[in-house]
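Protein chains: 2
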Amino acid sequence: MAKPFILISNDDGPDARGLHSLIKVAKEFGDIVVVVPEEGQSGKSHSITVKHPLRVREIPRSDDVIFYVVSGTPVDCLKIALDQLLDKKPDMVLSGIIHGSNSAISVMYSGTMGVVLEAGIHRIPAAGFSLLNHTYDADFTLSEDIIRMVVPKIMENSLPEMVVLNVNIPDINPEDFKGIEVCRQTFGVWQGEFEKRQDPSGNPYYWLTGYFENNEDGTPNTDEYVLKRNKVAIVPVKPDLTDFNSLQIMSEWSFND
Amino acid sequence: MAKPFILISNDDGPDARGLHSLIKVAKEFGDIVVVVPEEGQSGKSHSITVKHPLRVREIPRSDDVIFYVVSGTPVDCLKIALDQLLDKKPDMVLSGIIHGSNSAISVMYSGTMGVVLEAGIHRIPAAGFSLLNHTYDADFTLSEDIIRMVVPKIMENSLPEMVVLNVNIPDINPEDFKGIEVCRQTFGVWQGEFEKRQDPSGNPYYWLTGYFENNEDGTPNTDEYVLKRNKVAIVPVKPDLTDFNSLQIMSEWSFND
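Taken in order, these protein sequences are the chains called D and L.
Following this note's numbering from start to finish, the first sequence increments by one per residue and tops out at 556.
Following this note's numbering from start to finish, the second sequence increments by one per residue and tops out at 556.
Possibly wrong hints are sitting among the right ones.
The list treats identical chains as one, so a pair stands whether inside a single copy or across any two.
Unchecked claim - Within a straight-line C-alpha distance of at most 27 Å, the following computed DSS-like cross-link-like pairs (lysine-lysine) qualify:
1. Lys477 <-> Lys350
2. Lys323 <-> Lys477
3. Lys452 <-> Lys323
4. Lys477 <-> Lys527
5. Lys302 <-> Lys350
6. Lys350 <-> Lys495
7. Lys387 <-> Lys495
8. Lys326 <-> Lys527
9. Lys387 <-> Lys302
10. Lys527 <-> Lys302
11. Lys388 <-> Lys495
12. Lys495 <-> Lys452
13. Lys527 <-> Lys452
14. Lys388 <-> Lys527
15. Lys302 <-> Lys452
Hint data in this document are derived by calculation from the structure and do not stem from the laboratory.
With these hints in hand, go ahead and build the complete structure from the sequences.
Listed below in structure tokens is the structure:
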């Protein structure tokens, strides 16, 4: 059997240490092509570049990994890889390992998960890996072991069409790890989001900041709850925003009377 | 009873004709504040600006509409409005009217729907309106009537927490209009996405283009199907990507054996 062909992307760009941890582990499972944004693209969600064209550059490597950087968003990376750069469709897309959380409502803002959800749209099995430590020199030892546990499960089992995985890993010592739990996205909202400053001319400008307010604190089987208990949280996600419950409710709104 | 306080945003920027149609109609229902991106922000999805600060500028008006432009994404506009610009939480958020479709999978890439989903995260009733005509001088007559039909229904009825509406309007003469249908997001994928060109130095660059491939053509109660039949398609959407069906399936993956 041919080795699986794995496409790797991220939203932290080519020089993130987490990316190189993911490449190292993914090489144990298949042939690798990397397509990442030239620059860090935090908070880019599912955005695409429509107003200007993209450039692609190949970065030479001393191993057999093929490595491209793209002057766009994470979702651009996957789109241009599938349409222009690759001879065949990847068997799997992996994104990460991100320095920072993509749990709870952050999945909506995440470029890392943008790539993974775009893989879902293209019916490619995919997972995004995020470590709850945003520092440059975060320790990815546990994260690497988690990837070794999750990737074979994706290969062995099949998920419903378009379903992909959001894997968040607590920032703990490997000996404190309490297992993996499949769970749902926690609801919550970012609060106190902007810091107002004045420039030297006295004009205001605003920096995004703030804190996450968990609206479901203490609710079992939500990703935030799971992470706080030293477990890895895996949320199966799908690029479908329809609220099916509301379809029923709204059938009685009688717009057309 | 106080007049409803309505926040209006979009992703086409301050000079889109559809925005001014929406303002005109929304004034019939409440007091209006407009907070839109300084520049058009198509395809920005749920993205936020994290790497540089934002600027806000108020645009003078001859009526009582308060009008701000923000140097960021559509979602930035709503966040900075709630956190910095407004004295009170809006009773409703309306986005649009967009020159172009946000039906089917395009809801994932849409900045217009980014704002609307962000309103959902903040528990504010909201709807995005898109006309299936991307030209500058599109005719918004039917769209204006649709807004007059939909806004009162949102005020009269309550939707489940965080659920907001994606309203797409076919590009037809008002006399051909066949009613409103509440339906789900169509699955599909954009194909043939990039056009490769050469710059004067002979180096390649890539423009995003392509066509939408409907994977569910002919399936009733999907938004693309509804729109093709001269109806307005309303999809109730929620900022929740969890696939609950897969939670069940994955409970048998036994990661921890």
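Hint-by-hint comparison with the structure:
1. Lys477 <-> Lys350: Neither: 47 Å inside a chain and 35 Å across chains, both beyond 27 Å.
2. Lys323 <-> Lys477: Close inside one copy (24 Å), not across copies (57 Å); limit 27 Å.
3. Lys452 <-> Lys323: Answer is within; shortest intra-copy Cα gap is 18 Å, inter-copy 55 Å.
4. Lys477 <-> Lys527: within (11 Å within a copy, 52 Å between copies)
5. Lys302 <-> Lys350: neither (38 Å within a copy, 39 Å between copies)
6. Lys350 <-> Lys495: between (30 Å within a copy, 15 Å between copies)
7. Lys387 <-> Lys495: between (49 Å within a copy, 18 Å between copies)
8. Lys326 <-> Lys527: neither (31 Å within a copy, 47 Å between copies)
9. Lys387 <-> Lys302: Within. Shortest intra-copy distance 13 Å satisfies the 27 Å Cα cut-off; inter-copy 58 Å does not.
10. Lys527 <-> Lys302: Answer is neither: 37 Å inside a copy and 44 Å across each miss the 27 Å cutoff.
11. Lys388 <-> Lys495: between (46 Å within a copy, 19 Å between copies)
12. Lys495 <-> Lys452: neither (47 Å within a copy, 38 Å between copies)
13. Lys527 <-> Lys452: within (24 Å within a copy, 41 Å between copies)
14. Lys388 <-> Lys527: Classified as neither: same-chain Cα gap 37 Å, cross-chain 32 Å, threshold 27 Å.
15. Lys302 <-> Lys452: Intra 16 Å, inter 55 Å, cutoff 27 Å: intra-copy only.
When the structure is compared with the earlier hints, violations turn up for hints 1, 5, 8, 10, 12, 14 and for no others.
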